[in-house]
Amino acid sequence: MFKRQFARREAQLRRLCEEQLQGIEISDPYAVDEICRQLAIKRGRPLYLHELPETGGANAPCGMVLSFDHGDYVFHVAATSERHRAQIVRHELAHLLLGHAGSNESVVTSLLGVLPDGVDPSAVLSALGRTSYDSETEYDAEMAASCLGELFHDLAHSGRERGRSGAISRLDDALLHPRRNRRS
Numbered sequence: 001m002f003k004r005q006f007a008r009r010e011a012q013l014r015r016l017c018e019e020q021l022q023g024i025e026i027s028d029p030y031a032v033d034e035i036c037r038q039l040a041i042k043r044g045r046p047l048y049l050h051e052l053p054e055t056g057g058a059n060a061p062c063g064m065v066l067s068f069d070h071g072d073y074v075f076h077v078a079a080t081s082e083r084h085r086a087q088i089v090r091h092e093l094a095h096l097l098l099g100h101a102g103s104n105e106s107v108v109t110s111l112l113g114v115l116p117d118g119v120d121p122s123a124v125l126s127a128l129g130r131t132s133y134d135s136e137t138e139y140d141a142e143m144a145a146s147c148l149g150e151l152f153h154d155l156a157h158s159g160r161e162r163g164r165s166g167a168i169s170r171l172d173d174a175l176l177h178p179r180r181n182r183r184s
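For the sequence shown, counting from 1, position 35 maps to 35 in my numbering; every step adds exactly one.
By construction, these hints were calculated from the structure, which means they are not laboratory data. Backbone N, C-alpha and C define an ideal beta-carbon position, used for all residues, glycine too. Any given hint could be a false lead.
Stated by the list, open to error - Derived DEER-like restraints, expressed as beta-carbon distance ranges:
#1 R15 to E82: 25 to 33 Å
#2 A78 to P46: 19 to 27 Å
#3 R4 to H50: 34 to 42 Å
#4 D154 to P121: 33 to 41 Å
#5 R15 to A79: 30 to 38 Å
Could you build all of it, start to finish, from the sequences and the hints given here?
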């Protein structure tokens with residue numbers, strides 16, 4: 001019963017993500033800067049990507065999203081692999097695309113040093129930090145992040161020639177994206 005319930009939920013999240021990505025064109029599924037630019041244009045709302053300050057500690061979030069009247073800010077840890085960074089950013093983007101909102105004063109306080117000059121912390125409309133996965137919101141964001149990863153991969157490869165063999169496609173991918181194939 002639980003497997004079917006989760007499978008249905010995952011299918012629903014995938015459909016929601018597909019709807020949100022209509023019209024998006026990307027060339028590399030790990031190019032989170034490019035993805036954020038495309039989503040900002042699509043949503044008609046600025047989206048800024050920043051590294052988290054080194055706050056340390058086991059309870060420190062590895063990613064977070066802050067929303068203001070003027071735009072959204074996605075933060076991610078710097079000291080991680082490219083693949084993990086992309087998953088963290090996708091998780092935070094999933095919160096935005098799914099319309100999640102949260103108020104977390106400790107998240108806002110931890111970012112005071114990196115907020116743009118003149119930004120009043122009380123102007124934060126929503127704050128979500130990626131620290132645990134025991135809530136439905138976090139579960140949905142993580143599942144949607146995985147779906148986004150698959151969809152970004154599909155989008156990045158949708159412009160490839162039809163009918164090429166798998167071996168040719170893999171060789172092309174290996175030569176076209178050397179950083180993606182490097183072990184982090």
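- Violated hints - listed by number, lowest first: The structure conflicts with no hint, since it agrees with every one listed earlier.
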